[in-house]
Amino acid sequence: MTSQSQINALRRQAAELRWRIVGMMGPNKAHHFGGSLSAADIVTALYFYRMRYDPANPTWPDRDRFVMSKGHSVPAQYAALAMLGVFPLEELATLKYLGSRLQGHPAMHYTPGIEACTGALGEGLSFANGVALAARVQKKSYRVYCLLGDGELHEGQVWEAAMTSVKQCLGNLVAIIDRNRLKAMDATECGKILDPLAPRWASIGWAVKEVDGHDMAALCDALDWADGQVDQPSMIIANTVKGKGVSFMAGQAGFHNAPITEEQYRQAVAELELAMKEQAQ
Amino acid sequence: MRDSTETRFAYGEALLELGKRRPEVVVLDADLYRSTRTVVFRDAFPHRFFDVGISEADMVSTAAGMAACGLIPYCNSFAMFITGICYMPIRTQIAYPSLPVKLVGSSYGLTQGPDGASHQSLEDIALMRGLPNMIVVSPADDIETRQATFALADWPGPAYMRLGRYPTPPVFDADYQFVIGKAKWLREGKEVVVFASGHTVAKALAAAEALAQDGVEAGVVNVSTIKPLDEALIKEAAAQAALAVTVEEHSIIGGLGSAVAECLAETRPAAPLLRLGVRDCFGESGLADELMEKHGLQPKGIRASIIQRLALLS
Numbered sequence: 002m003t004s005q006s007q008i009n010a011l012r013r014q015a016a017e018l019r020w021r022i023v024g025m026m027g028p029n030k031a032h033h034f035g036g037s038l039s040a041a042d043i044v045t046a047l048y049f050y051r052m053r054y055d056p057a058n059p060t061w062p063d064r065d066r067f068v069m070s071k072g073h074s075v076p077a078q079y080a081a082l083a084m085l086g087v088f089p090l091e092e093l094a095t096l097k098y099l100g101s102r103l104q105g106h107p108a109m110h111y112t113p114g115i116e117a118c119t120g121a122l123g124e125g126l127s128f129a130n131g132v133a134l135a136a137r138v139q140k141k142s143y144r145v146y147c148l149l150g151d152g153e154l155h156e157g158q159v160w161e162a163a164m165t166s167v168k169q170c171l172g173n174l175v176a177i178i179d180r181n182r183l184k185a186m187d188a189t190e191c192g193k194i195l196d197p198l199a200p201r202w203a204s205i206g207w208a209v210k211e212v213d214g215h216d217m218a219a220l221c222d223a224l225d226w227a228d229g230q231v232d233q234p235s236m237i238i239a240n241t242v243k244g245k246g247v248s249f250m251a252g253q254a255g256f257h258n259a260p261i262t263e264e265q266y267r268q269a270v271a272e273l274e275l276a277m278k279e280q281a282q
Numbered sequence: 007m008r009d010s011t012e013t014r015f016a017y018g019e020a021l022l023e024l025g026k027r028r029p030e031v032v033v034l035d036a037d038l039y040r041s042t043r044t045v046v047f048r049d050a051f052p053h054r055f056f057d058v059g060i061s062e063a064d065m066v067s068t069a070a071g072m073a074a075c076g077l078i079p080y081c082n083s084f085a086m087f088i089t090g091i092c093y094m095p096i097r098t099q100i101a102y103p104s105l106p107v108k109l110v111g112s113s114y115g116l117t118q119g120p121d122g123a124s125h126q127s128l129e130d131i132a133l134m135r136g137l138p139n140m141i142v143v144s145p146a147d148d149i150e151t152r153q154a155t156f157a158l159a160d161w162p163g164p165a166y167m168r169l170g171r172y173p174t175p176p177v178f179d180a181d182y183q184f185v186i187g188k189a190k191w192l193r194e195g196k197e198v199v200v201f202a203s204g205h206t207v208a209k210a211l212a213a214a215e216a217l218a219q220d221g222v223e224a225g226v227v228n229v230s231t232i233k234p235l236d237e238a239l240i241k242e243a244a245a246q247a248a249l250a251v252t253v254e255e256h257s258i259i260g261g262l263g264s265a266v267a268e269c270l271a272e273t274r275p276a277a278p279l280l281r282l283g284v285r286d287c288f289g290e291s292g293l294a295d296e297l298m299e300k301h302g303l304q305p306k307g308i309r310a311s312i313i314q315r316l317a318l319l320s
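For the protein sequence lines, the chains are A and B, in the order given.
Using my numbering, the letters of the first sequence map in sequence onto residues 2 to 282.
Using my numbering, the letters of the second sequence map in sequence onto residues 7 to 320.
Treat the hints loosely; a few may be bogus.
As the list claims (entries may be wrong) - Below, computed lysine-lysine pairings styled on BS3-like, alpha-carbon distance capped at 25 Å:
1. B:Lys190 with B:Lys306
2. A:Lys140 with B:Lys26
3. A:Lys168 with A:Lys140
4. A:Lys141 with A:Lys168
5. A:Lys210 with A:Lys193
6. A:Lys141 with B:Lys26
Source of the hints: derived by calculation from the structure; they are not laboratory data.
Required output: the full structure, derived from the provided sequences and hints.
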C-alpha cells in the first residue's frame, strides 16, 4: 500500500528521471527519446518503490533484477541507476560516447546495475526466465522484472518465452509491457495485430492486469498485485504515451530515434523543469 | 582396442559425471534429449534439467539468464539448430558479455545422413568462430569428448562443441590429456601434414596409413580446438612439410580449412595448402558413409586428393 506522500515523492522522481533522460541526450544527436520517456514512470515505480535493491551493492546476489528487454530505452534505466547512486550523475552525459560505460544498448559487462545484454528485440523475456529459474535452482527469493516494448511483441521469441514462463510456474517473474502503440516507423498495429493484448496473455496462462502507465498510484498497486502471485507469472500492460512529458514528442513516432534541434531541446528542458516544479509543490 | 562409438554417447555419460561433481551445472534441451543424450542427466538431476520445448532461441537466452546468476548451463540441440536458429541471442546475450554458456551441437555434418540438408550443419563452425569470446571445440573420439565436456565447465567464457552421431574409432588412450587451444600430433610424417578435427581425424589417420604404402610420409595433427587455434604448432608443422592439408566435415569456407589458411597466410614461407571438405554446397539425403565418400572425405578420397596435389606440385 502506498500513501499519498509516497506517491507524490515518486512523481517527483519520475519528473526528475524524464529531465535527466532528455538532459543526457542533448540536442543534435539521434537518441531514443520516445520509448525512454514512455517508460519513465514504470522504471521509477520499479527502482524507487518496488524493487529490493541496494545501490551500494548492485551485485548483491539476493537483489531483485530488472531486465530491460526493450534495450533502446536504457537511458531511462541509466537515469534511475545514477539517481540511486549506483554510478555518478555526471556520467550520464557520456551516453554513447567512445569509451563510456553507458553504451547505446544495455551491456551488463560495461555498466554497474545493468543485468542483461539486450538491443536485438525479443530476447529479454527468455533471459528473465533464466534469471527466475536460477532463483529456484539456488533457492533464492528474489523477483525478476522485465520491461518489454509493445512493438517488441512482434518478435516470435517473446511468445516462446511467454509459454516457458507459464510452464515453469514462474511466480517470481513480473513482465511489464510499455504499451505506447508506436514502433520505430509507425503504429504497432502496422505489420502485425497485437490487440486484444490482455486476453492473449491471459490465454497463455499469465495473470494479467492493465493499467495507465503514467498513473503512479496505479503502477504501484499493480506491482503490489504482481508480488502476490505464487506460481503464475504476472503481466502488467501499462498503457503509455510515447514521448510522454515533452509536448512535441508525445504520441509521435518521429522521435523514436532522432535528433532534436537546439530550440527543441530548450523547449523540452523547459517543459520538464516546469513539471518538476509542479511536482515539488 | 575399444569399439567405434558416437561422440554424443560419451558426452551424455560425461555430463552425468559432471553433474555429480558440479552443482552449478544445469542442462537445457529443446525436445531432443534422447538424441543429444542429455536424457542421462535428466534422469539423474530432474531439478537441474530444463526441456523448453521446440524453441532453441528461447533455450539459449534462458541459459544466458542462468549463467548471469552463477550457473553453468549446457545447452543442447542439433548443431545446425543451435548455431543457426540461435545466432542472434548467442551473439548479443552470451558472446558479448562472455557468459559461461556451453553450446553443444549434436549430429553435426554430412554424417547426420538421411535427414538431408536442413539438418546437416556445414556452416556451424563458421558461425561460431566469427564471434568474439567464443571458443570452438570438435573432439575426435569418446575419450576426447569426455575430457572436453569437463574442460568446458572450467573455461570461464562461452563455448561451442560439436558432436556426432556417427560411429568413430578410438583415437586416444585413457591417459590422453585434452587441453583447450592445444593441437596434438597423432602421427609423424614430414612430407605432408594433415590437420583434421572430429570424425575426419580417424579418416585422416587411415589415409596416412594408405599413403605410406604409396611411399608418401604423411603426418596427422588433431586440431580439436578450432578456436583459439594452436597457431604455433600449425605454423611449425606446416613449415616442415611440402604440403599442408586440412580435412573437415564442414564447408571449406569458415571452418578448420579457413582457420588454418588464415594462420598460414601470415607465415612465410608457407607450405602449399589443400583444403578438403564440403566445397560451398549443401548436403543431401543419403547414408553417412555414402555422403562422406561423395565429398571425398573417406580415407580413399583423402589419399587420392593428396596424391593428385603432390603430383601437381612436383
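Against the structure, the hints:
A C-alpha spacing of about 23 Å is found between lysine 190 of chain B and lysine 306 of chain B, which places the hinted pair at or below 25 Å, so the restraint holds. A hinted pair counts as satisfied when its Cα atoms are at most 25 Å apart, and lysine 140 of chain A with lysine 26 of chain B qualifies at roughly 18 Å. A distance of roughly 19 Å separates the Cα atoms of lysine 168 of chain A and lysine 140 of chain A; the hinted pair therefore holds under the 25 Å criterion. Restraint check for lysine 141 of chain A and lysine 168 of chain A: satisfied, since their Cα atoms lie roughly 20 Å apart, inside the 25 Å limit.
Restraint check for lysine 210 of chain A and lysine 193 of chain A: satisfied, since their Cα atoms lie roughly 22 Å apart, inside the 25 Å limit. A distance of roughly 21 Å separates the Cα atoms of lysine 141 of chain A and lysine 26 of chain B; the hinted pair therefore holds under the 25 Å criterion.
Comparing the model with each earlier hint shows no violations; every hint is respected.
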